[in-house]
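One line per chain: the protein sequences are B and A, in this order.
Counting from 1, position 93 in the first sequence corresponds to residue 92 in numbering that gives the first Met the number 0; the numbering is continuous, with no gaps.
Counting from 1, position 56 in the second sequence corresponds to residue 55 in numbering that gives the first Met the number 0; the numbering is continuous, with no gaps.
Be aware that a few hints might be false.
[Unchecked claim] Where chain B lies over chain A, by a calculated footprint (3+ residues, C-beta under 8 Å):
(1) 65-78
(2) 125-133
[As the list claims (entries may be wrong)] To give a feel for the contact side, a few chain B residues facing chain A, derived at Cβ under 7 Å:
(3) Q221
(4) S231
(5) K315
(6) P316
[Unchecked claim] Residues of chain A clear of chain B, computed beta-carbon distances all greater than 12 Å:
(7) F31
(8) L32
(9) N37
(10) F88
(11) Q93
(12) F99
(13) R101
(14) T149
(15) S156
(16) E157
(17) V159
Calculated directly from the structure, the hints in this document are not laboratory data.
Where is the CB? At the ideal position from N, CA and C, for every residue including glycine.
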Amino acid sequence: MTFEKDSLAGIFQNIRILPRTAYAGWCHFFFEADGVVQMRLFRLLFGVILFFAYALRSIDSELFFGANGLLDIEKMFESLPMTYRWSFLTWFPSTVVLWVHTGIFLLALLTMAFGIFPRVSALIAFLLHVSYMHRNMAIVYGLDMISTFFLFYLIFTNTSLPKTKSSSPAEGEKWTDLLTSAAFRMTQIQLCVIYAYSGWEKLKGVQWWRGEAIWMVFANPQYARFEANWFSHLPLVVSFISYFTLLWEMYFPVCVWMPRLRPWMLIGGVLMHFGIGVAILIPFFSAVMMSVYVTFLTQKDAQWLWDQMIYFLYVKPSRFVGRLR
Amino acid sequence: MQLKRAVLSVVLFFLLGIIFIGPNQNSYHAYFLSPVLNPIFTGLEFGSPWSFYAPDPGGPSIRLEWEILDSKGEAIRTGYFPELRSPYFFNERQVRRLVFSRFLFISDDKYLNIGSSWLCRSNPDANSVRLWKSTAKVPDFYKVQTGEETIFGADFSERVSVGNAFCEDLRNGRAG
Chain B
0 MTFEKDSLAG
10 IFQNIRILPR
20 TAYAGWCHFF
30 FEADGVVQMR
40 LFRLLFGVIL
50 FFAYALRSID
60 SELFFGANGL
70 LDIEKMFESL
80 PMTYRWSFLT
90 WFPSTVVLWV
100 HTGIFLLALL
110 TMAFGIFPRV
120 SALIAFLLHV
130 SYMHRNMAIV
140 YGLDMISTFF
150 LFYLIFTNTS
160 LPKTKSSSPA
170 EGEKWTDLLT
180 SAAFRMTQIQ
190 LCVIYAYSGW
200 EKLKGVQWWR
210 GEAIWMVFAN
220 PQYARFEANW
230 FSHLPLVVSF
240 ISYFTLLWEM
250 YFPVCVWMPR
260 LRPWMLIGGV
270 LMHFGIGVAI
280 LIPFFSAVMM
290 SVYVTFLTQK
300 DAQWLWDQMI
310 YFLYVKPSRF
320 VGRLR
Chain A
0 MQLKRAVLSV
10 VLFFLLGIIF
20 IGPNQNSYHA
30 YFLSPVLNPI
40 FTGLEFGSPW
50 SFYAPDPGGP
60 SIRLEWEILD
70 SKGEAIRTGY
80 FPELRSPYFF
90 NERQVRRLVF
100 SRFLFISDDK
110 YLNIGSSWLC
120 RSNPDANSVR
130 LWKSTAKVPD
140 FYKVQTGEET
150 IFGADFSERV
160 SVGNAFCEDL
170 RNGRAG
């Protein structure tokens with residue numbers, strides 16, 4: 000029996016079917032999203048960026064993680080909350096283990112990026128990544144923190160094969176399809192959570208309210224890449240960038256889900272992170288954040304970007320090498 | 000088929016709880032759920048606060064300074080950490096040094112305990128170490144505008160003593 004939508008009976012009927020409708024919406028959102036192309040592109044970009052970032056860190060492996068490095072194990076347990084924290088490097092504190100740990104980690108990042116046993120590689124990379132963090136929490140910064148989550152989601156993402164989507168529920172769904180879809184959504188949600196909390200936290204800051212926060216970042220000589228004294232002659236620009244950052248971070252989690260606003264939010268994010276990457280000493284952090292944006296592209300756009308990358312990174316160089324031969 | 004979705008839904012609901020509660024661990028609900036969530040927050044590092052440049056960005060430039068002393072109390076050598084400007088071609092190497100120095104800077108106990116331990120280990124001839132820390136404020140916007148200050152002209156002249164540590168004590172497990 001159906002009732003008028005605005006009638007009392009109609010409202011009660013809607014309330015009665017609300018849990019079922021909500022669950023159907025939940026399932027549609029988390030389990031029926033086809034993000035294989037986007038996740039494949041994200042995995043490649045993310046994996047390559049992390050590989051270079053951590054290959055650079057490995058130059059200082061012995062300083063950061065070695066037995067004679069900055070933080071010896073005994074002092075670490077005295078000075079840091081280590082309950083539930085674990086590390087292969089704490090269990091086996093030798094230089095050989097450190098370099099084997101480093102080698103396997105970097106190899107896992109590469110194989111993950113290029114789709115060679117990507118889920119197993121992501122699992123290995125995730126465990127070793129956490130192991131590094133727990134060996135020396137005092138050198139952990141944003142790049143490490145965000146990477147933890149994205150490596151975790153890639154453990155469940157199957158992009159090595161074309162998605163075989165079952166046409167009807169009666170045929171039975173594959174765990175791998177459900178997990179890939181859920182991991183795709185969680186990757187998107189994770190980015191929103193990062194921006195949301197980051198924006199809300201900034202609201203507590205006086206410097207953000209006064210519109211001078213960007214100056215405090217760009218004028219700190221330990222973080223600034225260039226001595227931009229000329230920036231002090233542009234007070235309105237300083238204020239505009241400060242308020243833009245604040246508003247953009249707070250509204251991104253909502254606006255990025257609106258198809259009409261999505262491209263503008265992503266362009267705004269690229270500009271912001273590009274600016275951070277150029278002006279401050281954290282280019283890898285910016286690059287990782289931007290790499291997650293591909294999960295918000297349409298399948299068609301992500302495929303186009305993938306094709307372009309394959310063409311310029313593989314097809315064109317192959318042709319060039321062929322011609323040289 | 001529906002069972003798979005139901006099982007995954009429960010897992011996802013739990014995971015969503017983790018990523019939303021993780022950055023807000025001082026809240027009542029986080030405290031209430033801490034027996035379940037703490038092992039995940041710390042064991043897998045899922046409790047990140049996501050407070051980049053917040054509530055206020057950065058703070059001043061910092062420097063950890065030291066003197067390495069011999070048994071007569073004479074300074075053998077002096078040093079500081081980190082460099083004001085990145086000496087590396089790849090700045091990534093400097094970022095972690097900055098993060099580490101900030102970690103020591105915020106607590107004199109940590110600096111005295113961890114910093115002196117490292118200095119004693121890397122200077123085998125040291126009998127003791129004397130530690131200081133100093134800051135250089137971020138140059139004032141208007142003073143940079145008028146040319147009175149420059150961004151890279153940091154002044155670390157004012158320093159605060161943190162303390163002394165005897166290397167022998169550290170080797171025996173006692174901070175100075």
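Hint check:
{"no.": "1", "hint": "65-78", "verdict": "violated (count 0)"}
{"no.": "2", "hint": "125-133", "verdict": "violated (count 0)"}
{"no.": "3", "hint": "Q221", "verdict": "5 Å, holds"}
{"no.": "4", "hint": "S231", "verdict": "4 Å, holds"}
{"no.": "5", "hint": "K315", "verdict": "27 Å, violated"}
{"no.": "6", "hint": "P316", "verdict": "24 Å, violated"}
{"no.": "7", "hint": "F31", "verdict": "18 Å, holds"}
{"no.": "8", "hint": "L32", "verdict": "15 Å, holds"}
{"no.": "9", "hint": "N37", "verdict": "7 Å, violated"}
{"no.": "10", "hint": "F88", "verdict": "10 Å, violated"}
{"no.": "11", "hint": "Q93", "verdict": "6 Å, violated"}
{"no.": "12", "hint": "F99", "verdict": "5 Å, violated"}
{"no.": "13", "hint": "R101", "verdict": "9 Å, violated"}
{"no.": "14", "hint": "T149", "verdict": "6 Å, violated"}
{"no.": "15", "hint": "S156", "verdict": "15 Å, holds"}
{"no.": "16", "hint": "E157", "verdict": "16 Å, holds"}
{"no.": "17", "hint": "V159", "verdict": "18 Å, holds"}
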